[in-house]
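Here is how the chains run, residue by residue.
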Amino acid sequence: MTERTTELGTPRRAILKGAALSGLIFTIDGISRVLTPAQAYAADLPLTILTAAEKRALEALGETLLPGATAAGLAHYIDLEIAEAPGDCLLFARIVDVALPYAAFYQAVLREIDGAAVRQHNAPFADLEPETQIAFTAAMRDGTLPGWQGPSAPFAFFVLRNDATDVVYGTVEGFDKLGIPYMPHIAPPRPW
Amino acid sequence: MVTTLDAVDVVIAGAGICGTMLAAKLATAGKTVVVLEQGPNRAPSDLISSQLWSRRLKWNGLPVELAGTDPTGYRFNTGWGVGGSGIHHYAQWPRLKPEDFHTKTLYGKAVDWPIEYNDLRPFYDKVQAEVGISGDHQAEIWRPPGDPYPMPPLLTTPQADILAKGFNAIGLRTAPMPLAINSTEYKGRPACIYDGWCDAGCPIGALANPFVTYLPTARQAGAEFRTSATVTRVLTDRTGKRAAALEYYDATGHLQIQSASLIILAANGTQNVRLLLNSARAGHENGLANRSGTVGLYFMAHLAMPTSGMFDQDLQNDLGVTGGALLNQDGYGKHRPNGPFGSYAWAISSARKPNDIIGLANTEGALFGPDYDRFLKNAARGLATMMGIGEITPRPENRITYGDGKDAFGYPAMKIVLSADNNAKALAAIIRAEGIKVMKAAGASQIWAPDAVNWQHLVGGHRMGADRRTSVCDSYGITHDLPNLVLTGTGIFPTEGATHPTFSSHALTQRTAEYLVKNWSGIA
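Keeping their order, the protein sequence lines are chains A and B.
According to numbering that gives the first Met the number 0, the first sequence is numbered sequentially starting from 0.
According to numbering that gives the first Met the number 0, the second sequence is numbered sequentially starting from 0.
The shape of chain A in the complex, shown without the other chains (with noise of 0.2 Å):
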């Protein structure tokens, strides 16, 4: 990472060592681990509201969004905070006006990902070839997959890429991965 400077005279880099990285809880055969998103990723932790459908749509077009997206740990992430009371619940999602409950959303979106990949290509969207993945994203964003039903493409392919967005660059870790300083005031406690 480059050290800056600038005429603002900040000390960019000093504030950083305060900020705090930790995990989120998981329970593994009854027994309370701490784990990154990225570490529950690693381990293939189970969800808890995704099905294993739904998370292999999110997780391949998480990736095709935004390369890095599946490892930082999108579907553990996403599962988690869809299933947090709204009023603690950190999604993009929340900010952008999204029905309640977020988890129907979500989940209406990756039935139909995968509904729609079907009906054009006669597979879900995990398994298309990666051009294929490329044109359908492409397409969903565009509003032009025939046939699409649920919550609109367009703003599904909004949210997501926001999302994907969040878990790469949005945390402390990804901060660093672009170069900028993370500077809290107050660091969060955990990425999300």
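Hints in this document: simulated from the structure, not taken from any laboratory.
Just so we're clear, the structure is a prediction, and the values are computed from it rather than from any experiment.
All C-beta atoms, glycine included, are put in the ideal place defined by N, C-alpha and C.
Heads up, some of the hints might be wrong.
[To be verified] With the C-beta cut set under 7 Å, the calculated list includes, among others, these residues of chain A facing chain B: (1) L127; (2) P183; (3) I185.
[Stated by the list, open to error] Estimated spans, in silico, between C-beta atoms of each pair: (4) A:P129 x B:Q312: 56 to 62 Å; (5) B:F408 x A:G146: 39 to 45 Å; (6) B:A451 x A:A107: 55 to 61 Å; (7) A:A107 x B:R373: 46 to 52 Å; (8) B:I446 x A:T131: 31 to 37 Å; (9) A:P129 x B:P449: 37 to 43 Å; (10) B:Q219 x A:F154: 31 to 37 Å; (11) B:G292 x A:F154: 43 to 49 Å; (12) B:I446 x A:G178: 21 to 27 Å.
[Said to hold, decoys possible] Quick partial rundown of chain B residues pointing at chain A, CB under 8 Å, derived from the structure: (13) W52; (14) P62; (15) A66; (16) D135.
Add chain B to chain A, keeping to what the hints say.
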């Protein structure tokens, strides 16, 4: 079971900027004050520097339905809990201008305010001295008369400097944005450290949020804040001629009635309208304070037209303040021969983090995959951004009304209907074209300027006016129909100018507070 609580002098619905300010002023004047807040209690420790965690500060009440051809966002513009949206506001504090108060007289458009700039000027000055604003009143050539700012302007960043060159190259001017953010220590509050986390909340108190402005004063003066208190109606006395109490449900779902001599609605324009409509009764069949039939009508938002450009150098765009270091109001003149009506202005050089609505990510909304990743990496160093803010004229069809859903207590949810007319779209196009011109002149290698109409701020819905047939309240927010029911906030604005509304809302509230104290016996 209903509990009727001992009467107090004042009960206020909403603990945001206006609610806390009125609580401070009225409690200091010796009144017993209770503030009812639907959300939780808040403290500076809640202001976590994260675009994810700060989402908890946004509205978490009953969802508001959004309609019209160009619907606005709701949750992003609102708050939740003590401090309200004041906790995460950007502290851009320019003043309305004299012509903003007289659009009907001067231009034949919209409606005049029942007051003029000179009526409000002393209160701008007073709030400015109490709260503290950084700026340069001489460089800000568009500024109406007023006391000099108590603090010098904040420093600029390379992002601001390069954009200023773009403005200057095409004959436009810039000045420091007047910001309610300390450039120096002010009244025991520290100076800003330019870390760019304003919109996640400023826990150090350099930015004038309610935690460091009027909330401490209110509490010290004895105002009582009850949180998780969901106000559902304003109750009247038997005659229906005076407001008598606020009805609310506490955290356990227990119904309470808080009587008071003076009832103040400070819950934001949409929720104020909801309470008025919910409170319909015999003699007020269309809702309380709605004999004019205008409660909920003439809703406005500001056009929000961002322009961004990519530059080769490191602009340190993560630093500075979210609201922007510089201001341009060369486009404030409302009348354009053969062009759209309305003012516009630029907030220049906003500190940006990678994610969230105003983050780097949403500058370029179409890219995905490796191209998007590459964009983000470049943007983290070289993206410069400015936001054009434009005025729309109030129209009755843009309105706050009941929606389809209901809350847990059986009261209807709200709906905001907003459509941009041809005038608004034409003004948005002018803003967009000018933004592109500035970016080109500044030397941007790539430019992004969405042509879709976007919005910020929620304004109007229960407007003030001299004519009780076409407005809801007078210039103090006192409703025409009930002399002890007061409305506050941006909902009372009859027009909006192209000015961020928070400072004007403070000034109006200051004026109301002084009037209420001075004329207490005739009102309460």
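Taking the earlier hints as the rules, which of them does this structure contradict?
When the structure is compared with the hints, numbers 1, 4, 6, 7, 9, 10, 11, 15, 16 turn out to be violated.
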